[in-house]
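Peer 1: The whole structure should be built from the sequences, with the hints applied where relevant.
Note that the protein sequences, when read in sequence, are chains A and B.
Each residue of the first sequence is one higher than the one before, starting from 1 at the first, in our numbering.
Each residue of the second sequence is one higher than the one before, starting from 1001 at the first, in our numbering.
To be clear, the hints were calculated from the coordinates, so they are not data collected in a lab.
Among the hints, a few may not be true.
[To be verified] Now the stretches of chain B that chain A is said to cover, found in silico as 3 or more residues with beta-carbon under 8 Å:
1) 1034 to 1044
2) 1084 to 1093
[As the list claims (entries may be wrong)] A partial selection of chain B residues facing chain A, derived with a Cβ cut-off under 10 Å:
3) 1066
4) 1119
5) 1120
All C-beta atoms, glycine included, are put in the ideal place defined by N, C-alpha and C.
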Amino acid sequence: MNRELDYTYAVARVRANELSLLSAADIEQLITAADYKATMQKLSDSGWGEIKDIYDYATYLENYFAKTWAFLEEILPDLHELDLLLIKNDMQNLKAALKSIVSQHDAKDLYVQSTVYDTESILKAVDERRWSDLPDFMQKPAEEAYEVLTATSNGQLADAIIDKATLERIKFLGVESGSPVLAELAERMCATANIKTALRCANTGKSKDFIERSICECDTITKDKLVETALESVEAVLAYVDESSYSAAAEKFKESTSSFEKWCDDILMECVTMARYTAFGIDPIIAYYVARDAEIKTVRIILSAKINNLPAEVIRGRVRALYV
Amino acid sequence: MFQIVQAFGGDALAILGAALAAIIAGMGSAKGVGIVGEAAAGVVSEDPGKFGKVLILEILPGTQGLYGLLAAIMVMGKVGGLDLASGAMLLFASLPIAICGYFSGKSQGRVAAAGCSLVAKKPEQSGKGIIFAAMVETYAILALLISILLIGKVG
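Peer 2: This is the structure we're talking about:
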C-alpha cells in the first residue's frame, strides 16, 4: 500500500523548519567569528537556544539535538520510520550495558537517548543475561560479545561484533523500508563503515577472525575482498577501494584522515539531497534528520576548533556538506 | 414493469447522471482539499503568517466539486418526462466531469500540497505554486465544457 500521503503534514512542517538549517554563509560566519565565545553567541542568535555555560558546548549541542528529536516525535505518525537512523543508539547502549556488567561499573553516563527500543528493558535483559528478552537481531551478537568479554576481556572484538550487527540491521531496515533513498543510504552507511574498519584493521594488523567478525556483507563492496586486502596492508585496501564505486575514498584517505571522515559523511548527505525535490513520503523527513545531524556535527567541529584556536582554513576543510 | 421503465427510466438515468457528476467530482475535490489541508496545516503551525498564501492553494482543488454540482443542476433542469434515450444521453453527458473531476481534483491536491512546501520554504515564490496547481484545473474545465455541451444537445 502506498503510504506516501501519510506524511503530507509532516513534510510541510519539515519544509518550514528547513529554513532554520544553517546555510553555507552562516557556517562561514561561525568559522570567521572572532573567537569561540563569538561563535557561541552567533549560534544563540540564530535560534540554537540560550547559553547556560558557554564552555559546555557538548551539552548545548545535545539540547539542540533534543529539540530536533522532539520535533520529529511531534510530526511523525509512527516513530519506527526512523529506526534505521536510531538503531545505532540502541546498539551503543547494548555495548555500554555489556561492558558495565563485565567491569562492574555503572555506565549510566554512556547511555544514549533517542532509541528504538526501551533502554531499561535492554539493560534489564543484559543484567540478567536473559538474551531471549532482547529484540531478535540483538540476541546472538549480545551473547557472542558477552562471551568474548568474559572469556578474553577483548573489548575491541566485542565492540566490533555489536557494530557489525548494527550495520546488518541498518541494511535490513533500509531494504525493508521500500524507499530507494533509504535503501541507498543504508548501503552507503554499511560500505563506508566497512572501508573504515578494513583500513583500521590493516593499520593495526588485526587477525583474519577479527576482521571477518567486524565487516558486514553489503552490495557495493565485497566483504571477502576487503578481508583479504585488510590482511595484506592499508595500500592493498586502498587499491581495492579505488576499483570500487567508492574510488574517491582512497583519494581522500591519502589526503588526510579528516578528509576521509568528511567524505564518509558527505556521501550520506549526497544520498539524501534528492529528497529536497520530493514533496511526499518519508524521504524528506529522513533527509531533514540527516541534515540536522550533519549540521550539529559541523558545528561541533567548528566549536572544538575554535576553542583550540585552529585557523579558519583548517576548519573549512573539515566542514561537512550541507543540505540547504 | 416495462411500462414503468419506459415512463420513468429516462428520468432515473438522468438523475443517476446528475448524482454521479456531483458525487464523483465531489470525491475528487474532497480528497484533493484534504491533502492540501494537511500540508497547509503543517505550514501554518510553523508560521501562521502564511495562512493567506496556503488558503489559495487549498481552495483550488475544491472547484471540481463545484463543476460537478453545476453539471448536476443542468441535468436536473432537464428531468421530467424524459424518454429512455434522452436519459441515457444525459447520464453519459455527466461522465466527463464526473470522472475527470475525480482525477483532476486528486492530482490538483497533490500539486497544491507540494505548492504548500514551496510556500513554506520560499514564500515569495507562492505565485508559481499557484500556477502549477492551476494547470491541473485546465482539464477539469475542459471536461466541464464537454459535459455542458453534451447536456445542451439533449432534449
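Peer 1: Hint by hint, which ones does the structure fall short of?
Peer 2: 2 and 3
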